[in-house]
Structures are given as structure tokens and as C-alpha cells.
Amino acid sequence: MLDGKPPGERIPILKMGEFLLVTIQVEMHDRLVMTLQDELTYQIVQHRARGVLIDISALEIVDSFIGRALGNIASMARILDAETVVVGMRPAVAITLVELGLSLEGVRTALNAEKGMALIRRRLGRTGELDGAGS
Amino acid sequence: MAPAPEETIGIHSDEDVVRVRQATRQWAVALGFSLVDQTKIVTAASELARNTLIHGGGGTTRLEELTDGGRRGLRLTFEDKGPGIADVSQALRDGYTSGSGLGLGLGGARRLSSTFDITSAPGQGTRVCITRWK
Chain A
380 MLDGKPPGER IPILKMGEFL LVTIQVEMHD RLVMTLQDEL TYQIVQHRAR GVLIDISALE
440 IVDSFIGRAL GNIASMARIL DAETVVVGMR PAVAITLVEL GLSLEGVRTA LNAEKGMALI
500 RRRLGRTGEL DGAGS
Chain B
44 MAPAPEETIG IHSDEDVVRV RQATRQWAVA LGFSLVDQTK IVTAASELAR NTLIHGGGGT
104 TRLEELTDGG RRGLRLTFED KGPGIADVSQ ALRDGYTSGS GLGLGLGGAR RLSSTFDITS
164 APGQGTRVCI TRWK
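Here the protein sequences line up with chains A and B, keeping their order.
For the numbering used here, add 379 to where a residue sits in the first sequence, where the first one is 1.
For the numbering used here, add 43 to where a residue sits in the second sequence, where the first one is 1.
Isolated chain A, as found in the complex (with noise of 0.2 Å):
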């Protein structure tokens, strides 16, 4: 089925150690949300990744489609062993997400990538790993 799509109908999915990093820079329909949701599951065992990274920052609106496939990632994350931490939430996103109701409970966020990648090491025990490369 995937063969079949025109190019920019997936969202690419990083490999980097054990994470997978997805920055979301296109509008998501509700097919793309769904195909991202399923290649991130497949992808976590396939890969056997124990940390996801999923950068919002480009999103100029997370609706409640959005908000409940990033609840779904988080959940099947969690059952295949992996943390997932969704990053860089634009201010005027999360006031919109609180009064349209969704709380996005389960899902654990971070103001920014860095962050975030120090929360899922942090979650992992795997303090100080991957830092070398930076410095």
C-alpha cells in the first residue's frame, strides 16, 4: 500500500541509536496521521527503539485526531518497551488543547528536542550516553 503514494505522503522516521526522532513539517491530514501512527509501531520493533522523539514544533494546530493518535503512539510505545516524549508544542496549541478538552494524558512532553532526549535517557537510565557527540 505505502509503494503506492505520491512522495510526501509519509513522514520520514529517523534511526539513531536506539530513538526514533520524527520532526512533523507538512500539514497532517487524518490519512497521514494514521500511517505515521502505524510505521512508528512497526518501526519500534522492527528497530527495537526504546526511545520516540516526535517534534511538534511546525504544527500550527493539534486537533483532537492529532491529539488522540499522539495518546495512541505513546500507549503502543509503552507496551513495546519504548518512552516517547513529544517536543517543541507551540503556547497557542496547548491553550487550544486545554479548552477543546484534551489533556493529552500519557503523553509526555518537553519544551524542546534537547530536552526531551535528556527526559527519555533520564527514563532509560542511560545518563550521559550520546553526549560525547556533541561536545
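It is worth saying that the hints were derived from the structure and are not from the lab.
Keep in mind the model is a prediction, meaning the values are calculated, not measured.
Positions of the beta carbon are idealized from the N, C-alpha and C atoms, including for glycine.
Be a bit skeptical, because a hint or two may be false.
As the list claims (entries may be wrong) - Listed next, with one range per pair, are the computed distances between beta-carbon atoms:
#, chain 1, residue 1, chain 2, residue 2, range
1, A, G485, B, T140, 10 to 20 Å
2, B, T110, A, R389, 25 to 35 Å
3, A, E484, B, Q65, 23 to 33 Å
4, B, L109, A, V405, 29 to 39 Å
5, A, S454, B, Q69, 31 to 41 Å
6, B, G53, A, R457, 39 to 49 Å
Position chain B against the provided structure of chain A, taking the given hints into account.
Just chain B now, with coordinates in the frame of chain A:
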């Protein structure tokens, strides 16, 4: 008096839901909405456009500029000719869902809007009209 500017967008696919979001954003920016107000009306539009597509089997969105004295606002009207809603108050309740969603679509859109009107009956489709004032 010049007719109020308006735009109508057909909703027949996921991409059309995105189109409604983008148009709503453009209108909200043109009307000088704050970033938070833009985000609220675009999110409400996304919820209602999805309802029109999934529950209504497709339909239309009309965007209109409103003026009331010195105030400016944006009105969005979503219409479909789908099966309609038998119990509107139940459909508005948080957590009530007829499908696989969270049941936040209608109630959430109402909270994100300044005014919210819904007209629906079984077999007669659904019409939801929201406004957000600047």
C-alpha cells in the same frame, strides 16, 4: 453596500479538511485575529470539517466576514446532507461518540467559538454555524 466577502469550500476528502484549515487561517489572519484566536478558530474548523466529511458524508464550509459596529468576526458554516443527528444534546456531550473518535469534536468546537448553532434532524443533514469575534 458591498456584499460581505465570502468563500465556500467543498469537503469531500482528508485534503479538503486541510484546505478548510488553511482558508480559515488566512481569513483569521486577514481579520487581525491574535495568534491564540487564530489557533482556536482553525482547530474548531478542523473538528467540524472532519465531522462534515465523516458523519455527514461530505458537504461544504462557507467562510464569511462579519462586522458589528467596530467589531469584526469570522463566521463558518458547515453543511451536509448526511443522516443527521437524532439527539443533538447528546452529540454535544464530551465523550459521546458515534464512531471511533474521542467525542470532543462538537463540544470542543463549541468551546473554541464565540457562538455556536447547530441544526440537525434525522434524514435532513446537519448545519453547524460558528462565529469568533476578534
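Now for the hints, and whether the structure bears them out:
A C-beta distance of roughly 19 Å is found between A/G485 and B/T140, which places it inside the suggested range of 10 to 20 Å. Range check, B/T110 to A/R389: Cβ separation about 44 Å, and the 25 to 35 Å hint is violated. Taking the beta carbon of each, A/E484 and B/Q65 are about 30 Å apart, inside 23 to 33 Å as hinted. For B/L109 and A/V405, the Cβ-Cβ distance of about 32 Å falls inside the hinted range of 29 to 39 Å, so the restraint holds.
Between A/S454 and B/Q69 the C-beta distance comes to about 35 Å, which sits within the given range of 31 to 41 Å. Taking 39 to 49 Å as the suggested C-beta distance range, the pair B/G53 and A/R457 conforms, at roughly 40 Å.
Of the hints listed earlier, the one the structure fails to meet is number 2.
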